[in-house]
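*Asks:* In this text, residue positions in the sequence shown follow my numbering: the first is 1, and each later residue adds one.
Don't take each hint at face value.
Unchecked claim - DEER-style ranges, computed between Cβ atoms:
| # | residue 1 | residue 2 | range |
| --- | --- | --- | --- |
| 1 | 43 | 6 | 41 to 47 Å |
| 2 | 73 | 44 | 35 to 41 Å |
| 3 | 69 | 35 | 34 to 40 Å |
| 4 | 50 | 74 | 20 to 26 Å |
| 5 | 87 | 39 | 24 to 30 Å |
| 6 | 50 | 94 | 17 to 23 Å |
| 7 | 89 | 43 | 32 to 38 Å |
| 8 | 105 | 69 | 43 to 49 Å |
| 9 | 6 | 35 | 36 to 42 Å |
Since the hints were derived computationally from the structure, they do not count as laboratory data.
No residue lacks a Cβ here, since even glycine has one placed at the ideal position from N, Cα and C.
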Amino acid sequence: LIATSYQQPYEVSVAALLPCFWIYRDVGHHIYQRAEKENPYERWIATYSGDEFGEAVSQAIDITDQAAAEVDDKTREVMTEHFIKSSRLEWMFWHSAYRQEQWRP
């Protein structure tokens, strides 16, 4: 994300950042529906499944949609590529947590 934000235009940067917001919201909702009360992650779950964060995600989606509407087709393609790459990295992060993978030296 840092490299993208440094090397790419604003529109591509917001597209690359969007999966962080969107996926955390969806994961937060998924966990909230299944979590036991009074667990060590209760505050995290409340944050990412909450209405306030949901509104922030909706705003991030709107900002990205607006940015996409104002650029040419080539830039929209680059936005899509970065959105997909960021989504893939988010999936890899959550998948590794689910599998309880450890960092390898």
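*Asks:* Take a look at whether the Cβ-Cβ distance between residue 73 and residue 44 falls inside 35 to 41 Å.
*Replies:* Holds - the Cβ-Cβ distance for residue 73 and residue 44, about 39 Å, lies within 35 to 41 Å.
*Asks:* That 24 to 30 Å hint for residue 87 and residue 39 (C-beta), does it hold up?
*Replies:* 27 Å, holds
*Asks:* 20 to 26 Å was suggested as the range; check whether the CB atoms of residue 50 and residue 74 agree with it.
*Replies:* 38 Å, violated
*Asks:* For the hint 17 to 23 Å, verify it against the beta carbon of residue 50 and that of residue 94.
*Replies:* 19 Å, holds
*Asks:* With 32 to 38 Å as the target window, see if residue 89 and residue 43 comply at their CB atoms.
*Replies:* Since residue 89 and residue 43 have Cβ atoms about 25 Å apart, the given range 32 to 38 Å is violated.
*Asks:* Taking 34 to 40 Å as the hint, is the beta-carbon distance of residue 69 and residue 35 inside that range?
*Replies:* 38 Å, holds
*Asks:* Could you check the hint for me, namely that residue 105 and residue 69 are 43 to 49 Å apart, CB to CB?
*Replies:* 46 Å, holds
*Asks:* With respect to the beta-carbon atoms only, verify the hint that residue 43 and residue 6 lie 41 to 47 Å apart.
*Replies:* 32 Å, violated
*Asks:* Using the C-beta atoms of residue 6 and residue 35, is the stated range 36 to 42 Å upheld?
*Replies:* 37 Å Cβ-Cβ, so the 36 to 42 Å window holds.
Hints 1, 4, 7 from the earlier list are contradicted by this structure; the remaining hints agree with it.
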